[in-house]
Amino acid sequence: MTTASSADNPTRRDFLFVATGAAAAVGTVLTAWPFIHQMNPDASTIAAGAPIEVDLTPIAEGQDIKVFWRGKPIYISHRTQKQIEEARSVPVATLPDPQSDESRVKSGHEQWLVVIGICTHLGCIPIAHEGNYDGFFCPCHGSQYDSSGRIRQGPAPANLVVPPYQFVSDSKIQIG
Amino acid sequence: MSGPSDYQPSHPVLKWIERRLPIFGFMHSSFVAYPTPRNLNYWWTFGAILSFMLAVQIVTGVVLAMHYTPNADLAFHSVEGIVRDVNYGWLLRNMHAAGASMFFFAVYVHMFRGLYYGSYKEPREVLWILGVIIYLLMMATGFMGYVLPWGQMSFWGATVITNLFSAIPFFGDTIVTWLWGGYSVGNPTLNRFFSLHYLLPFVIAGVVVLHVWALHVAGQNNPAGVEPKTEKDTVPFTPYATIKDMFGVTCFAILFAWFIFYMPNYLGDADNYIPANPGVTPAHIVPEWYYLPFYAILRSIPNKLAGVVAMFSSILVLVFLPWLDSAKTRSCRYRPLAKQFFWIFVVVCILLGYLGAQPPEGVYVVAARVLTVYYFAYFLILMPLLSRIERPRPVPNSIADDVLARTGSKATPMVSTVIALVVGGALLAGSVQNARAAEETTPPRNQWSFAGPFGKYDRGALQRGLKIYKEVCSNCHALSYVAFRNLADPGGPGYSQAQVAALAAEYKIKDGPNDQGDMFERPGRPADYFPSPFPNEQAARAANGGAAPPDLSLITKARSYERGFPWFIFDFFTQYQEQGPDYVAAILQGFEENPPAGVTIPEGSYYNKYFPGHAIKMPPPLSDGQVTFDDGSPATLPQYAKDVTTFLMWAAEPHMEARKHLGMQVFVFLIIFAGLMYFTKKKVWSAVH
Numbered sequence: 001m002t003t004a005s006s007a008d009n010p011t012r013r014d015f016l017f018v019a020t021g022a023a024a025a026v027g028t029v030l031t032a033w034p035f036i037h038q039m040n041p042d043a044s045t046i047a048a049g050a051p052i053e054v055d056l057t058p059i060a061e062g063q064d065i066k067v068f069w070r071g072k073p074i075y076i077s078h079r080t081q082k083q084i085e086e087a088r089s090v091p092v093a094t095l096p097d098p099q100s101d102e103s104r105v106k107s108g109h110e111q112w113l114v115v116i117g118i119c120t121h122l123g124c125i126p127i128a129h130e131g132n133y134d135g136f137f138c139p140c141h142g143s144q145y146d147s148s149g150r151i152r153q154g155p156a157p158a159n160l161v162v163p164p165y166q167f168v169s170d171s172k173i174q175i176g
Numbered sequence: 177m178s179g180p181s182d183y184q185p186s187h188p189v190l191k192w193i194e195r196r197l198p199i200f201g202f203m204h205s206s207f208v209a210y211p212t213p214r215n216l217n218y219w220w221t222f223g224a225i226l227s228f229m230l231a232v233q234i235v236t237g238v239v240l241a242m243h244y245t246p247n248a249d250l251a252f253h254s255v256e257g258i259v260r261d262v263n264y265g266w267l268l269r270n271m272h273a274a275g276a277s278m279f280f281f282a283v284y285v286h287m288f289r290g291l292y293y294g295s296y297k298e299p300r301e302v303l304w305i306l307g308v309i310i311y312l313l314m315m316a317t318g319f320m321g322y323v324l325p326w327g328q329m330s331f332w333g334a335t336v337i338t339n340l341f342s343a344i345p346f347f348g349d350t351i352v353t354w355l356w357g358g359y360s361v362g363n364p365t366l367n368r369f370f371s372l373h374y375l376l377p378f379v380i381a382g383v384v385v386l387h388v389w390a391l392h393v394a395g396q397n398n399p400a401g402v403e404p405k406t407e408k409d410t411v412p413f414t415p416y417a418t419i420k421d422m423f424g425v426t427c428f429a430i431l432f433a434w435f436i437f438y439m440p441n442y443l444g445d446a447d448n449y450i451p452a453n454p455g456v457t458p459a460h461i462v463p464e465w466y467y468l469p470f471y472a473i474l475r476s477i478p479n480k481l482a483g484v485v486a487m488f489s490s491i492l493v494l495v496f497l498p499w500l501d502s503a504k505t506r507s508c509r510y511r512p513l514a515k516q517f518f519w520i521f522v523v524v525c526i527l528l529g530y531l532g533a534q535p536p537e538g539v540y541v542v543a544a545r546v547l548t549v550y551y552f553a554y555f556l557i558l559m560p561l562l563s564r565i566e567r568p569r570p571v572p573n574s575i576a577d578d579v580l581a582r583t584g585s586k587a588t589p590m591v592s593t594v595i596a597l598v599v600g601g602a603l604l605a606g607s608v609q610n611a612r613a614a615e616e617t618t619p620p621r622n623q624w625s626f627a628g629p630f631g632k633y634d635r636g637a638l639q640r641g642l643k644i645y646k647e648v649c650s651n652c653h654a655l656s657y658v659a660f661r662n663l664a665d666p667g668g669p670g671y672s673q674a675q676v677a678a679l680a681a682e683y684k685i686k687d688g689p690n691d692q693g694d695m696f697e698r699p700g701r702p703a704d705y706f707p708s709p710f711p712n713e714q715a716a717r718a719a720n721g722g723a724a725p726p727d728l729s730l731i732t733k734a735r736s737y738e739r740g741f742p743w744f745i746f747d748f749f750t751q752y753q754e755q756g757p758d759y760v761a762a763i764l765q766g767f768e769e770n771p772p773a774g775v776t777i778p779e780g781s782y783y784n785k786y787f788p789g790h791a792i793k794m795p796p797p798l799s800d801g802q803v804t805f806d807d808g809s810p811a812t813l814p815q816y817a818k819d820v821t822t823f824l825m826w827a828a829e830p831h832m833e834a835r836k837h838l839g840m841q842v843f844v845f846l847i848i849f850a851g852l853m854y855f856t857k858k859k860v861w862s863a864v865h
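Each protein sequence line maps, in turn, to chains A and B. Last residue of the first sequence? That's 176 in my numbering, and every number before it is there in order. Last residue of the second sequence? That's 865 in my numbering, and every number before it is there in order.
A few of these clues could be false.
If you want the footprint, here are the derived chain A segments under chain B, 3+ residues with CB under 8 Å [claimed, not checked]:
(1) 11-17
(2) 107-118
(3) 137-151
Dumping the calculated SDA-like pairs for lysine to any residue here, alpha-carbon to alpha-carbon at most 20 Å [to be verified]:
(4) Lys859/B - Thr11/A
(5) Lys686/B - Ala48/A
(6) Lys172/A - Lys858/B
(7) Lys859/B - Ala48/A
(8) Lys858/B - Val18/A
(9) Lys82/A - Asp64/A
(10) Lys858/B - Thr11/A
(11) Lys66/A - Gly123/A
(12) Lys836/B - Gly123/A
(13) Lys858/B - Thr80/A
(14) Lys515/B - Pro498/B
(15) Lys172/A - Arg701/B
(16) Lys858/B - Asp64/A
(17) Lys859/B - Val18/A
Hints in this document: simulated from the structure, not taken from any laboratory. Even glycine gets a Cβ: it sits at the ideal position worked out from N, Cα and C.
So that you can see chain B by itself, here it is in the shape it has in the complex (with noise of 0.2 Å):
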């Protein structure tokens, strides 16, 4: 490929092998030997980033197969199984949800430091034009990857984006019908889906290959966008470039790992923690924040064709970007008009991201029908016009004169970007919080035992939660993802083996059938789930009015709400996510006897003041001295709510003490990890600098 290298292994074994075929030769030269810039950033450092996430993403992933089921049926409480029965199970599914976001990060970032640095002209077209490939088959994989879990934000963005294919003149539904197996999106869909979504990063993995490949023939591109010329314009790759890669993954593991360990459900969507419903739409469906900016376009444009090859072409029009931007200059650092027309389009894209997140009503939509037309005209009028126009400053004269002007200056600029971006960032992930923004009135903020990243829950508190959903809750909800033996685990009420059984035996449980054929009861035994007080969900529906109570194992995860733009910001620092805990308890003390004036709640529903519409069918469950506790916490409804709340908590995620705890330790250890990278880094490149 590239590289000076004569290289012979000197044991006699891999001499051999050499001969036969030349694999240690050819790994010397591209990536011991290979010449790279000296003059490199550190945002040339998500190259590697991004390979790092492709294995993440395949190892967790694969192992994560081992206990998923892709049937309609299964699918959704495989997931469960895998959160709290797998061992580690929490640990590959929190790794991989997040994992995906961060690939997605990095590829934005990446991509960004293309654009800035002219890395996609003349000759590395066909490298630039592989890694558009590489981002479609990314976003064809994550979109396949999050319909898997099979809940309602599952359902119903697959029903949306299949039905895209719709639009195509003449053959739309026939192939939108092709996509489904069916006539709707179902388990053909699924099995489909879960077939492709394991085989497209092996896909990926290929044109990885062949982007490096491309890379290697033309070399790295640098920040001064001028070619190597000397030898004493370039380092080997080992160790200069390794060690340099190896501290900014480290450093991105950081960011990974406050993600995994801390904001596990930061950058999802409550609505997924509900299992797919054909027969009823989520008030706002709205994609991962990696596709906002592609939703603003397509819903910008009111034809559904046009809306369609809007978005599509959104990405197409960057292949022709060598062609659009026909600049001699490379480094947008030489290019002060391309300069700031490049940040403004920075900008757009993370607003148009946020506009994608927000209702399609009012200033939102014009806001994006402009955007989106800046968009297409950075790259249809701008990038040409400019080619034309633009007086470029003067280069520097080589790489190695370009490092020496610049000594002492390099770290300034990097810092500022890196805190904008992740702002930027942050907003941009946060801003798919908006979408539900405060609609109805915002439930108090109550202080919970579980909250913060040393929270652990109240022993007490998930005792008394369980009597009072024992005693009161259990007549018309169901805890089916709660097995008896989870009450002596650690981190939940702390139980003994011997109090679970006798717990368990309390209940009678429906097995069978027996050598008779018939279904019997018998005493329930540690290994059971809590029983559902109804045998299906017409009954359920028929003894409430029509309207059948929640399973309550997930409520809390699945109630959070979004709150709106700045606090989403604030909230990704201090880690505040007891949104739904807040929720649960203000709807249960949030009963009214007369509800305001003016407002009138129909026969049969109850008015309380947190419930979206106002009208709920459940009547108040809870009041003042309905249960008593043995260990004399007082019989009031806020000690009820704020118990029961806690205990169902622990029900939608016991293992938070366990996350938080190792988190910790991740921590600790990447932070004194990447302190002794960068010194060692500091130490290599000393050599040099």
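Okay, chain A solo, but in the shape it has when bound (with noise of 0.2 Å):
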């Protein structure tokens, strides 16, 4: 790779190549874009995951369902008097993820509980009205969860996760 003479400005000759490779490297990367970014989820997958209502009139009071939105499976519980009761009484400080029924249910709707069935140490679906806690039990791996869900023991790290919601009326929910 020889240069003829290089009296004259060598530094016309960098500028030159600098640019054509600037210019090739933002090519690539601007390119490269759209075969990335196809993966991201499409318009239809993202119509299909918009927020769905739930009725809750036929969920009688001891009593769950199982509904899914953007595939996961979600618990809708009617709690009774007793399990409100027995997931208020438990010192906060002392659970393995530290959160109040207060804060996991919404004000005037405390009998109803929403959490995703995901169970948080490896993802399989924990069983309702199992476990000591009277909530949920995990039989992949023995995780314990209260009737607020909360992990009470076993070896998932967090709560049940409670999916955005809100009443549309007492009886209605949009989940999502």
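Join these two chains into a complex; the hints should help.
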């Protein structure tokens, strides 16, 4: 790679090479973006993940149902008074993942517990109305949750996640 | 392989690897130090262009395969899902479809270069034959890829080509059944074509490795056809050929971008926007442009088996070229007779391609036969004859001498041949368009707001068109690929999310089953699609005198018609591609109370000036005053036709504005980058010139 006469401006040639190299690099990155972004959820998947409304009237006290939103199972529990008191009588500081029951339900609707039914350990679906705490029991590795969906014993590190939801009326909630 | 390299990397880690797997030395000797003839012209950049295109097709193909469903009931829908919903899905699909055509365009240039300069001659015979193998694999891959969208042309093209094998005596029908996996082209066929279409490009890549290996053993040919003798004849591959190839690739990318962003349907067939229907054969079955010359050869022989043999022979004859042409002089530059016959051959190939798209009638058949004879005569008679009788001109002593003798006159032949080839290519590609040129009255041309490189949808027209669809067309026609949420997307009618939710809620959507096992109705949601007026096709037919009203989601793309020669050449440059919308608008306004004298319309049909055959089952759907607009636009038939057609164009291509916008950015970038590459190339080569 010989240069002819270098008596004149070596910097002009360098500028050209740097400019071309920079343009090539920028072009490559900009071209790569669509190929990466196409793997993100497409418009129909996002639309299918829109908020859903659930009617609470068929759920009797002590009963719970499972609905699916964005592919995840969500437990909606109609808690008994006993379950609510049990949940509130625990000192929060003793919990592995300290969280008060009040912060996990909506005020004025304390009997309704809405949690994502995915164990925070490795993702199995815990079974409702099982375990020592009148809550959930995960059969995979033995994690036990209480009647507020909080982890009490077992390998799971965190409480069952509460999804975003609100009451559109006393008997209907919108999840998402 | 080749190349004078005792390359040793300096970094200790690289040295460690090099001792165990000498890959750096290999890369260096093959692609850095590798001696390249210094007199190569730009026809030699097409090897790099082809490698680039193979990579593009593989990358876009793998990514598309993440979203495509290879099932006969779902394939068409999944392709529309890619184009409408996947992020940049429209771009990936356009790249892959246009990429196939660009891949073939480049391979034909590459092959003609080989023919002209004698690159198939000793010692490059195996290199040439490997190239023929790659070409055959490309044809198989392209054929199977075209079947995957499962449109009308996909299905019927598959039927015709697989039926070719029934010409084989005794085993023909067994082989065809084996290919189909059934009694006709169907789901098993589609599934296996998808598997093979994914596989073959990697087989091509493997044969390309062999091809480059064979090339490196012999070294590149060059325009003088004289082998390198001294070091003065060659330059190291990097940076000279590398930079020149990058410049070639960039210029090629500009042509590629023209198709991707501004003419995405120019090279395709409108019928492939109609889902495959095993009960209806399209009026003209035409393969993609790159198969047309062979299609013409096939059809020109009146015997079924002979036609198939002739078609395959026309490719296989290439394998024998090194032995058919035994002339000592390599390059046609120094073979005055061979050169002329070569250019006649090029014209013959282009004309055969044009004829492949014409209906097999009258003068077209005669012409195809004559040209087929020339095609074979060129290889089987002319080449051997010329080897014996031609007196070639003296070749230069060496490559270095050739470079010194030619300094200054290199640019012009390249430019003029490029222009000739682009025109020829456009002729060939556009001739697909001629298959269905005006048998009926041509629809009048309209001014569309979305036409041209800066076209946009007129929001008002889209909203008025939606109103017309809702009040009139939706009684019989579905719009099942459009969801209510699309009405709020950018580049569309521009409704807000709240307006879309309200509009959706007006509709009753069938859902279920509920916990009792019953289907029920609920108000529509933005994620729902426009409901079909009929539960199934049979109900649609029964309610409309036997003719099912087509779904309108893709109608403006499915009804594009071909304009004959020479208009399709002008259209390539003017970007005219609104034939479909012109047709739809014409149909809506083309009803006449009284058919012209001598024309009888069957009972239950209506006379329409622009409908093929003039007898349409749809009664005139629109008339003045039928729909009133809130914005005060005139309540006239021409206004309705314009607005609903604009709306339907948006329904067929919701991302058109994004496509044109990104296209402008890409073009600006590519032109600037091409300029930078040009000056870089000149700077790098200034040391040698």
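Hints, one by one, checked against the model:
1. Counting residues of the region 11-17 of chain A whose C-beta lies closer than 8 Å to any C-beta of chain B gives 3; at least three are required, and the coverage claim holds.
2. Against chain B, the region 107-118 of chain A contributes 0 residues with a C-beta closer than 8 Å to a partner C-beta. That does not satisfy the three-residue criterion, and the hint is violated.
3. Under a criterion of three residues with beta carbons nearer than 8 Å to beta carbons of chain B, the stated coverage of the region 137-151 of chain A fails, only 0 such residues being counted.
4. Taken as a hint, the Lys859/B and Thr11/A pair is honoured in the structure, with Cα atoms around 13 Å apart against an allowance of 20 Å.
5. For the hint linking Lys686/B to Ala48/A, the alpha-carbon distance of about 16 Å falls within 20 Å, and the restraint holds.
6. Taking the CA atoms of Lys172/A and Lys858/B, the gap is near 73 Å; set against the 20 Å cutoff, the hint is violated.
7. Pair hint Lys859/B plus Ala48/A does not hold up; C-alpha atoms about 56 Å apart against a cutoff of 20 Å.
8. A distance of roughly 15 Å separates the Cα atoms of Lys858/B and Val18/A; the hinted pair therefore holds under the 20 Å criterion.
9. Annotation: proposed proximity of Lys82/A to Asp64/A holds, straight-line Cα distance about 15 Å (limit 20 Å).
10. Only pairs whose Cα atoms come within 20 Å are accepted, and Lys858/B paired with Thr11/A is accepted, the gap being roughly 16 Å.
11. Between the alpha carbons of Lys66/A and Gly123/A the distance comes to roughly 16 Å, so the proposed pair stays at or under 20 Å and holds.
12. With a CA separation close to 45 Å, the supplied pair Lys836/B and Gly123/A exceeds the 20 Å bound.
13. Our distance criterion of 20 Å between C-alpha atoms is broken by Lys858/B and Thr80/A, whose separation comes to about 83 Å.
14. Among the hinted pairs, Lys515/B with Pro498/B is consistent with the structure: their alpha-carbon atoms are about 17 Å apart, no more than 20 Å.
15. As the CA atoms of Lys172/A and Arg701/B are separated by approximately 17 Å, the hinted pair is consistent with the 20 Å bound.
16. A threshold of 20 Å between alpha carbons decides the hint, and for Lys858/B with Asp64/A the separation of about 76 Å lies outside it, so the pair is violated.
17. Simply put, Lys859/B and Val18/A have alpha-carbon atoms about 13 Å apart, close enough for the 20 Å limit, and the pair holds.
Taken one by one, the earlier hints fail for this structure at numbers 2, 3, 6, 7, 12, 13, 16, listed in ascending order.
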